[in-house]
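Asks: Next come the chains, spelled out residue by residue.
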Amino acid sequence: MNTQFKKGVLELIVLKAIVSDDLYGYQLVSRINEVIQVNEGTIYPLLKRLSNDRLLESYLKESTEGPPRKYYHITNLGLERYDALLSEWTDFSDNVNAYLKGVE
Amino acid sequence: MLKKEFLDVLNQKLSLISDKEREDILLEYGTYIDDKIASGVAEEEAVAGFGDVDELVKEILDAYKINTDSMDPFSNRADKTIDKVYVKVEELFSKLGNFSMNEIFHILFDAIVLVLIMLIGKVIVVDILCQFLLSMIFSFFVGFYMITDFMLSLCRILYLCLAIYFFVKVMAKRVERYRLHAHNVGVMDDIKDTWNDNIKSSDLPPTPERPLYHERKPRHLESDVLKVILVLAMIPVACVLIGSGIGLVVLIYVSAMYATTSAGLYCMDIAFVLGSLAILLMLVRAWPKRVDTNA
Numbered sequence: 001m002n003t004q005f006k007k008g009v010l011e012l013i014v015l016k017a018i019v020s021d022d023l024y025g026y027q028l029v030s031r032i033n034e035v036i037q038v039n040e041g042t043i044y045p046l047l048k049r050l051s052n053d054r055l056l057e058s059y060l061k062e063s064t065e066g067p068p069r070k071y072y073h074i075t076n077l078g079l080e081r082y083d084a085l086l087s088e089w090t091d092f093s094d095n096v097n098a099y100l101k102g103v104e
Numbered sequence: 001m002l003k004k005e006f007l008d009v010l011n012q013k014l015s016l017i018s019d020k021e022r023e024d025i026l027l028e029y030g031t032y033i034d035d036k037i038a039s040g041v042a043e044e045e046a047v048a049g050f051g052d053v054d055e056l057v058k059e060i061l062d063a064y065k066i067n068t069d070s071m072d073p074f075s076n077r078a079d080k081t082i083d084k085v086y087v088k089v090e091e092l093f094s095k096l097g098n099f100s101m102n103e104i105f106h107i108l109f110d111a112i113v114l115v116l117i118m119l120i121g122k123v124i125v126v127d128i129l130c131q132f133l134l135s136m137i138f139s140f141f142v143g144f145y146m147i148t149d150f151m152l153s154l155c156r157i158l159y160l161c162l163a164i165y166f167f168v169k170v171m172a173k174r175v176e177r178y179r180l181h182a183h184n185v186g187v188m189d190d191i192k193d194t195w196n197d198n199i200k201s202s203d204l205p206p207t208p209e210r211p212l213y214h215e216r217k218p219r220h221l222e223s224d225v226l227k228v229i230l231v232l233a234m235i236p237v238a239c240v241l242i243g244s245g246i247g248l249v250v251l252i253y254v255s256a257m258y259a260t261t262s263a264g265l266y267c268m269d270i271a272f273v274l275g276s277l278a279i280l281l282m283l284v285r286a287w288p289k290r291v292d293t294n295a
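Chains L and E are the protein sequences, given in the same order. The numbering used here numbers the first residue of the first sequence as 1 and each following residue consecutively. The numbering used here numbers the first residue of the second sequence as 1 and each following residue consecutively.
Keep in mind the hints are simulated off the structure, nothing from the lab. Just so you know, even glycine gets a beta-carbon here, dropped at the ideal spot from N, CA and C. Treat the hints loosely; a few may be bogus.
To be verified - Listed below are the simulated SDA-like cross-link pairs for lysine to any residue, each with C-alpha atoms no more than 25 Å apart in a straight line:
id, chain 1, residue 1, chain 2, residue 2
1, L, Lys7, L, Ser30
2, E, Lys65, L, Arg49
3, L, Lys61, E, Ala63
4, E, Lys65, L, Thr3
Unchecked claim - FRET-style restraints, in silico, Cβ to Cβ:
id, chain 1, residue 1, chain 2, residue 2, range
5, E, Tyr86, L, Thr90, 51 to 59 Å
6, E, Gly40, L, Ser93, 29 to 37 Å
7, E, Ser18, L, Val96, 29 to 37 Å
8, E, Leu2, L, Glu34, 24 to 32 Å
9, E, Gly49, L, Val19, 36 to 44 Å
10, E, Glu43, L, Ser93, 37 to 45 Å
11, E, Leu27, L, Thr3, 21 to 29 Å
12, L, Ser93, E, Glu5, 36 to 44 Å
With these hints in hand, go ahead and build the complete structure from the sequences.
Replies: Listed below in C-alpha cells is the structure:
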C-alpha cells in the first residue's frame with residue numbers, strides 16, 4: 001500500500017485504537033496492524049509526538065513479567081483531536097470516493 | 001541483528017537526545033521486542049520489523065524536533081567531513097597549546113623560513129667559507145688532505161649542532177609567542193632576539209579568551225594557503241639565486257687565480273642572478289598582508 005496514504009491516516013488510527021482503553025506499545029502496534037501494515041519502529045516516534053502535543057499521556061504500570069510497561073492514555077485534547085480528524089477523514093474520503101466513482 | 005545490538009546502535013545514534021529521554025526510548029523498544037518475542041517471533045525477526053535503523057533514528061529525532069535535513073545532502077556531508085577534519089586537526093594542536101588553525105599555519109610557515117635561512121647559512125658558512133679557509137691554510141702543507149677533510153666534516157657537524165640548537169630555540173619562542181597570541185612579532189624579530197632570554201611577558205598583550213566556535217571570525221585560511229604556495233614557489237627561485245651567486249664567486253675566483261675570463265659566462269651568470277632576484281622580489285610583493293587576528 002502507498003506509504004503516503006498510510007502516513008496521513010496513521011494518527012487517526014492510533015487515536016482510534018486508544019480511544020476505548022489504555023494500551024502499551026506492543027498492543028497498540030498489534031491493533032494498528034489489524035488495519036494497516038506499518039513499520040513498527042515508526043509508532044514510537046508518533047506516540048512521542050502525540051504526547052508532546054498533549055493528545056496522549058503515559059504512565060508506567062507493573063507487569064507480571066519483566067520491567068514495568070508504559071501505558072498510553074488519551075486526553076480530552078486527544079479526544080477532541082480524534083473527533084476533528086474523524087470528520088475530516090470522512091468528508092475527505094467521501095469526496096474522493098464520489099469523484100472516483102463518477103469518473104468510472 | 002539481535003536485541004542488544006539493536007539497542008546499542010540506537011543508543012549511539014540517538015546521542016543528541018538527553019540521557020533520561022534516551023533511556024526511556026531504549027526501554028520502550030526493549031520491552032516492545034520482548035513482547036514480540038513472547039508472542040512467538042524470533043529475536044532477529046522482531047528486530048528486523050523496525051526496518052532500516054537510520055530511517056528509524058531519523059523519525060525519532062524528528063519527533064524530538066531535532067532537524068536532520070541539513071545532515072542529508074551529499075554536499076553538506078562533504079562540507080561536514082572537511083569541517084570535521086579541520087576541527088580534529090585543530091583539536092590535536094590545541095592539546096599542545098591554545099592554537100587556532102591560523103596560528104598553526106603561521107608556525108609551520110615560520111619553521112620553513114627558519115630551515116631556509118639555515119640552509120643558506122650552511123652553504124655560505126660551511127661549504128664556501130670553511131672550505132676556502134681550510135684549503136688556504138692547509139695548501140701550505142702538502143699532503144694534509146686528510147686533516148682538511150676531517151676539519152671540514154668537523155665544521156659540518158658543528159654547524160648542524162648549532163643549527164638544530166638555534167632552530168629549537170627560535171621555534172620554542174615562536175610557539176610561545178603564538179600561545180600568547182602575539183602575532184605582531186615577526187619571525188625575524190625572534191631570530192634577532194634569540195640570544196636574549198625568554199620573552200618578557202610585560203610587553204605582550206593580555207591573552208584573549210578563546211572564542212567559542214560559532215563566535216570565531218571567519219578564518220583567513222586563503223591567505224595562509226597563498227603563503228604556503230608562495231613559499232613553495234620561492235624555494236626553487238632561491239636555489240637558482242644561490243647557485244648563480246656561487247657561480248659568480250667561482251667565476252671571479254677562477255679569473256683572479258688563472259687569469260682567464262669568459263665574458264659569456266659572466267653575462268649568463270649575472271642574468272641568472274638578476275632574473276631570479278626579480279622573480280623572488282615579485283613573489284615577495286605578492287605576499288598577503290598580515291591579517292590582524294587579534295582585532
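Asks: Against this structure, judge whether each hint is valid.
Replies: Consistency of the hints with the structure:
For the proposed pair lysine 7(L) and serine 30(L), the alpha carbon gap of about 17 Å is at most 25 Å, so the pair holds. The straight-line distance between the Cα atoms of lysine 65(E) and arginine 49(L) is roughly 9 Å, inside the 25 Å bound, and the hint therefore holds. Taking the CA atoms of lysine 61(L) and alanine 63(E), the gap is near 24 Å; set against the 25 Å cutoff, the hint holds. The hinted pair formed by lysine 65(E) and threonine 3(L) meets the criterion: a straight-line CA distance of about 22 Å does not exceed 25 Å.
Between tyrosine 86(E) and threonine 90(L), the C-beta spacing of about 56 Å keeps the proposed range 51 to 59 Å intact. At roughly 35 Å, the beta carbons of glycine 40(E) and serine 93(L) sit within the given window of 29 to 37 Å. For the pair serine 18(E) and valine 96(L), the supplied restraint of 29 to 37 Å is violated, since their beta-carbon distance comes to about 42 Å. Taken as a hint, the range 24 to 32 Å holds for the pair leucine 2(E) and glutamate 34(L), whose Cβ atoms sit roughly 28 Å apart.
Hint check: glycine 49(E) to valine 19(L), Cβ distance near 25 Å, so the stated range 36 to 44 Å is violated. Look at glutamate 43(E) against serine 93(L): about 39 Å separates their beta carbons, and that is inside 37 to 45 Å. Checked against the given bound of 21 to 29 Å, the beta carbons of leucine 27(E) and threonine 3(L), roughly 28 Å apart, stay inside it. Distance hint check: the CB atoms of serine 93(L) and glutamate 5(E) are about 42 Å apart, consistent with the given range 36 to 44 Å.
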